[in-house]
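Undergrad: Sequence order for the protein chains is R and C.
In this text, residue positions in the first sequence follow my numbering: the first is 1, and each later residue adds one.
In this text, residue positions in the second sequence follow my numbering: the first is 300, and each later residue adds one.
FYI, nobody ran anything at the bench for these hints, they're computed from the structure.
The structure presented is a predicted model; accordingly, all values stated were derived computationally and were not measured.
One should not assume that every hint holds.
Once the Cα atoms are required to be at most 30 Å apart in a straight line, the calculated DSS-like pairs of lysine-lysine come out as [as the list claims (entries may be wrong)]:
1) 152/R - 171/R
2) 38/R - 152/R
3) 169/R - 325/C
4) 171/R - 261/R
5) 169/R - 152/R
6) 325/C - 171/R
7) 261/R - 169/R
8) 325/C - 261/R
Just a few of them, taken from the derived set where beta-carbon distance is under 8 Å, the chain R residues facing chain C [stated by the list, open to error]:
9) 218
10) 247
11) 251
Beta carbons: idealized from backbone N, C-alpha and C, even for Gly.
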Amino acid sequence: MKAFFCALALVLPTALQAETVPVATAAGEVQAPLTPAKTVALDMAAIDTLDALDVAIIGRPDIAPPAYLSETLASVPTVGTLFEPDFEALAALAPDLIVAGGRSQAQVQPLSQIAPTLDMTIGGADLLNETTARIDAYAAIYDRTDAGTALKAELDADLAAARDAITGKGKAMIILTNGGKISAYGANSRFGWLHSALDLPEAYPGLVVENHGEAVSFEFVAEANPDWLLVIDRGAAVGQGGEAAAATLDNPLIAGTTAGKTGQIVYLDGSAMYLAGGGFHSVTGTLEQLTAAFGGAGS
Amino acid sequence: MVRLASAVGLLGLIAASLMIGAADLKSGSVDADLLVWVSRIPRTAAALLAGAGLALAGSVVQLAVQNRLVEPGLTGTPEAAMAGLLAITLIAPGAPLMLKMLAASLASMAGTAGFLILARHVPRQDPMLLPLVGLIYAGILGAGVTWVAWTTDLMQYLGVWQAGEFSGVLRGRYELLWLIAALAGLLYLLADRITILGLGEDRARSLGLNARQTMLAGLAIVAATVAAVVVTVGTLPFVGLVVPNIISRWRGDNLRRNLPLIAVSGGAVVLAADVVGRVIRWPYEIPAGTVFAVIGAGLFLWLLYAAPRPAGQNG
Numbered sequence: 001m002k003a004f005f006c007a008l009a010l011v012l013p014t015a016l017q018a019e020t021v022p023v024a025t026a027a028g029e030v031q032a033p034l035t036p037a038k039t040v041a042l043d044m045a046a047i048d049t050l051d052a053l054d055v056a057i058i059g060r061p062d063i064a065p066p067a068y069l070s071e072t073l074a075s076v077p078t079v080g081t082l083f084e085p086d087f088e089a090l091a092a093l094a095p096d097l098i099v100a101g102g103r104s105q106a107q108v109q110p111l112s113q114i115a116p117t118l119d120m121t122i123g124g125a126d127l128l129n130e131t132t133a134r135i136d137a138y139a140a141i142y143d144r145t146d147a148g149t150a151l152k153a154e155l156d157a158d159l160a161a162a163r164d165a166i167t168g169k170g171k172a173m174i175i176l177t178n179g180g181k182i183s184a185y186g187a188n189s190r191f192g193w194l195h196s197a198l199d200l201p202e203a204y205p206g207l208v209v210e211n212h213g214e215a216v217s218f219e220f221v222a223e224a225n226p227d228w229l230l231v232i233d234r235g236a237a238v239g240q241g242g243e244a245a246a247a248t249l250d251n252p253l254i255a256g257t258t259a260g261k262t263g264q265i266v267y268l269d270g271s272a273m274y275l276a277g278g279g280f281h282s283v284t285g286t287l288e289q290l291t292a293a294f295g296g297a298g299s
Numbered sequence: 300m301v302r303l304a305s306a307v308g309l310l311g312l313i314a315a316s317l318m319i320g321a322a323d324l325k326s327g328s329v330d331a332d333l334l335v336w337v338s339r340i341p342r343t344a345a346a347l348l349a350g351a352g353l354a355l356a357g358s359v360v361q362l363a364v365q366n367r368l369v370e371p372g373l374t375g376t377p378e379a380a381m382a383g384l385l386a387i388t389l390i391a392p393g394a395p396l397m398l399k400m401l402a403a404s405l406a407s408m409a410g411t412a413g414f415l416i417l418a419r420h421v422p423r424q425d426p427m428l429l430p431l432v433g434l435i436y437a438g439i440l441g442a443g444v445t446w447v448a449w450t451t452d453l454m455q456y457l458g459v460w461q462a463g464e465f466s467g468v469l470r471g472r473y474e475l476l477w478l479i480a481a482l483a484g485l486l487y488l489l490a491d492r493i494t495i496l497g498l499g500e501d502r503a504r505s506l507g508l509n510a511r512q513t514m515l516a517g518l519a520i521v522a523a524t525v526a527a528v529v530v531t532v533g534t535l536p537f538v539g540l541v542v543p544n545i546i547s548r549w550r551g552d553n554l555r556r557n558l559p560l561i562a563v564s565g566g567a568v569v570l571a572a573d574v575v576g577r578v579i580r581w582p583y584e585i586p587a588g589t590v591f592a593v594i595g596a597g598l599f600l601w602l603l604y605a606a607p608r609p610a611g612q613n614g
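Just chain C, same shape as in the assembly:
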């Protein structure tokens, strides 16, 4: 029943996304085929892929550090990706997209690794502590990136990566995001191990898991996913926090079982935000990141306060 309802909901959203835009499909002033193939389908796919990727990345990070209140946006990952992008832009401005993506991925891996090292030293009694540490860590990285951008006159360029939105998405400009689909497949293979990792490193090790290796693999997937999203559409806050939390509260923590649902829900919420952003001030655009930040903040507060919290369990 739930499955059917969500499938229908998703199809409805996709249909809406294909129908709605600045140009009118039926007026005929722009060729409808062209519009759908060049603009609408890429945009819809980009939103779905970016949302799915960020939601999956969120659940991996949450299991890896065993804290429900962490997401890639709170681990310095996007900031580190931006640092990598900025560095490659300064060193080799004309570098091809894949090279930029590689630089962003490597930097975001390093940034996320830095957070994981920090996380080891953060006391676990208060679940709010780790996100706060992450927030500060991301803030420091972000400040460094801003400083470099400021001194090199690249502030506006940075702005393009900071506001996650899809107005520039066209055929030929988002295909990098399909990498996320491949990464999701990889994640599916690793899912059981990451679920075990979620029990804590000691317990995972006693169950025969190479915790460090699993952690590294998960980290690489998260970093590559976030980098792909930042490079092509910019950062989208909250997605990795809200979606995995809702799903895991509802269905528990079996990553393999939840993976498809997390991916679909993440894609759906981002697509919905983008459709709303296209409609509110039609024919102008409001960034999907802005729309989702508003919705996401509400959902987050609801997660914090309204839902029941099982005794003896953090978050």
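Just chain R, same shape as in the assembly:
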């Protein structure tokens, strides 16, 4: 605790002196410190986008990141878990800015006693707009407007390509597999942007708004008969063994759907979708994956 207060005393004056810049966050517009030297990021999507902007961080949560981030993060010290930051370790790092959100959203208030903390939560069906807003915010904070503009252009290009590839290729259903069971996600869910932003029709319209998806049976998928199955393997996403998604879906009911018959089952990068949803690499990677899968199919 002592270390905590000492650090607090050290941090506060610098925080007060530093220049600030208004940025949009999940909690509305706030004043963020301009070009902070030491940033701790506790949200995987934030880490993802910061990495795309070439911003180095000095602390991260203790969790296996998506593969594309593992090299960058290998040497970054951990400060607690996604849900429970290690406040003492954090204070010892004396960051100038903490970027939190998503699973650490509840910790934003306590964290802001250590350093200015931004709630950069990304969620919901409007994910792509939030991704862009975060790029803008980080670009403003770290004074990298050009890099931000380049990222947004890349995102737009990937989005246009994916829309192009998807148009007229049929209806899709997003399912998450977990230990032999499945749940379905609709257009209003955390993965819903795949439908709403890409104009990809739902095989079962009107799935209930649920962040955690709806527990469904294989019969449900068979009856909805999607042309495409977009699969997120939760076990693989969080680095677990267990029954792989392909094994879970290897049954006559799934095989009988159009998606099963035509081999149009797309296994998305679960780690990117599940852990870093809304991050720049996560979104563009998913878009490119969809473009490749849908683009290869005859319309």
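Dock chain C against the given chain R, drawing on the hints supplied.
TA: Showing chain C alone in chain R's frame:
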């Protein structure tokens, strides 16, 4: 009369279970034969077998410790099975199902044995004491399992075993439960001995029963049954408590005579819970374990308060 009514009830339930599901049998968008053989029949069988197994396991445990308020869920058995599953998942993630089942069975035997040792030292005056001890024991085991799962990032995996439900049941994914039918047969052979065991260890011994051996055999059957259920569909609370109690209150404690009825009733209540879970939010699913926990809690309270309690007899 009762027999006829229950047979008709059970057949009705089975018919309902075969008819009801997320896909429509008559719409033709999914091949009806496929639907029935791959999804409906396995699911119905799984619910019947799991329910029957847990009810039988409940009655064996109750006779073994001579306490009506105990069930496998209150003896740390499912928690121990999960510990075994977790251990084998960590040691050999790709292990075949039978090996996982074996690990779960051995662990649940050890866990149940631990409870029986505890039970010897619990005073018998208050019948509520033993279930409480079991609850704490199961809680401690469960906390250990949760801790291991938490530190190894397997929490969600654990969740799959904790919520007993049948949405993932298909042909080829539940057959392990048929083991329960075999175990029930074994139990039938042992039934008289376990009934005598229910008189208390001293009396059982004076009647010439090898109490320890019988206890071990019963324990092995309970552990294997619970492990099979946990591995394939997850834990289902209350079944082992409520069903044997209702049956024994109604027909006494002759296990051999009651065995078929206990098995059928256990299967029926779980199947009913599963059918209800399929219907409430159709076409989505509510876990059968959740549905039964609600019904079971009500039945349990009724058992505790409403029914007459013969004088001089615990529970």
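Undergrad: Hints first: check each against the structure and report whether it holds.
TA: Evaluation of the provided hints:
{"no.": "1", "hint": "152/R - 171/R", "verdict": "28 Å, holds"}
{"no.": "2", "hint": "38/R - 152/R", "verdict": "25 Å, holds"}
{"no.": "3", "hint": "169/R - 325/C", "verdict": "28 Å, holds"}
{"no.": "4", "hint": "171/R - 261/R", "verdict": "14 Å, holds"}
{"no.": "5", "hint": "169/R - 152/R", "verdict": "26 Å, holds"}
{"no.": "6", "hint": "325/C - 171/R", "verdict": "23 Å, holds"}
{"no.": "7", "hint": "261/R - 169/R", "verdict": "15 Å, holds"}
{"no.": "8", "hint": "325/C - 261/R", "verdict": "22 Å, holds"}
{"no.": "9", "hint": "218", "verdict": "6 Å, holds"}
{"no.": "10", "hint": "247", "verdict": "10 Å, violated"}
{"no.": "11", "hint": "251", "verdict": "5 Å, holds"}
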